[in-house]
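Asker: Sequence:
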Amino acid sequence: MFKKNVKWLWSYNIEKTEQWLTEMMKKGWHLTNANRLTRTSSFEQGKQNNMTYRIQYNPKNRSFPTRL
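Quick note: the sequence shown uses the UniProt record's numbering, first residue 1, plus one each step.
Keep in mind that the hints were calculated from the coordinates and are not lab data.
Since this is a predicted model, take the numbers as computed values, not measurements.
Incorrect hints may have been included.
With a straight-line cut-off of 16 Å between C-alpha atoms, the simulated EDC-like cross-links for lysine to aspartate or glutamate are [what the hints assert, rightly or not]: (1) K26 - E44; (2) K7 - E18; (3) K3 - E23; (4) K60 - E18; (5) K47 - E23; (6) K3 - E15; (7) K27 - E44; (8) K47 - E15.
Using C-beta positions, here's what the derived DEER-type ranges look like [unchecked claim]: (9) P59 - E18: 11 to 21 Å; (10) K60 - K27: 27 to 37 Å; (11) M1 - T22: 14 to 24 Å; (12) M1 - P59: 15 to 25 Å; (13) G28 - K60: 34 to 44 Å; (14) N5 - K47: 25 to 35 Å; (15) P59 - G28: 11 to 21 Å; (16) K60 - K26: 29 to 39 Å; (17) E15 - P59: 34 to 44 Å.
Cβ coordinates follow ideal geometry from the N, Cα and C atoms, glycine included.
Put together the whole structure using the sequences plus the hints.
Answerer: Structure follows, in structure tokens:
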């Protein structure tokens, strides 16, 4: 099963975004894509996991790393 989610202004509060992604993972929703321009994120349902998300940003090329 797949799920798409839109969270307006999500990227402006990094700590809350990390917490939200971690909670989604604990519920079994694995992040498969995040589009910072449209503010959408895609998830695939799988096994629950206690993984913690951390977000990094590279100001030199203004992009997120390829692996989060």
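Asker: So, for every hint listed, does it hold in this structure?
Answerer: Hints versus structure:
1. Annotation: proposed proximity of K26 to E44 holds, straight-line Cα distance about 13 Å (limit 16 Å).
2. Of the pairs offered as hints, the one joining K7 and E18 holds, with about 13 Å between alpha carbons and a cut-off of 16 Å not exceeded.
3. A threshold of 16 Å between alpha carbons decides the hint, and for K3 with E23 the separation of about 15 Å falls inside it, so the pair holds.
4. Distance check on the hinted pair: K60 and E18 sit about 22 Å apart at the alpha-carbon level, beyond 16 Å; violated.
5. Between K47 and E23 the CA atoms are separated by roughly 13 Å; this keeps the pair inside 16 Å, and the hint holds.
6. About 22 Å separates the Cα atoms of K3 and E15, which puts this hinted pair outside 16 Å; it is violated.
7. The hinted pair formed by K27 and E44 meets the criterion: a straight-line CA distance of about 11 Å does not exceed 16 Å.
8. Distance check on the hinted pair: K47 and E15 sit about 24 Å apart at the alpha-carbon level, beyond 16 Å; violated.
9. Distance hint for P59 and E18: a CB-CB separation of about 18 Å, consistent with the stated range 11 to 21 Å.
10. Taking 27 to 37 Å as the suggested C-beta distance range, the pair K60 and K27 conforms, at roughly 35 Å.
11. Taken as a hint, the range 14 to 24 Å holds for the pair M1 and T22, whose Cβ atoms sit roughly 20 Å apart.
12. Checked against the given bound of 15 to 25 Å, the beta carbons of M1 and P59, roughly 36 Å apart, lie outside it.
13. The supplied range of 34 to 44 Å is met by G28 and K60, whose beta-carbon atoms lie about 35 Å from each other.
14. Checking the proposed 25 to 35 Å range against N5 and K47 shows it is violated: the Cβ atoms sit about 19 Å from each other.
15. The hinted window of 11 to 21 Å between P59 and G28 is violated, with their beta carbons roughly 33 Å apart.
16. Checked against the hint of 29 to 39 Å, the C-beta distance between K60 and K26 comes to roughly 33 Å, which is consistent with it.
17. For E15 and P59, the hinted distance range of 34 to 44 Å is not satisfied, since their beta carbons lie about 18 Å from each other.
In summary, the numbered hints that this structure violates are 4, 6, 8, 12, 14, 15, 17.
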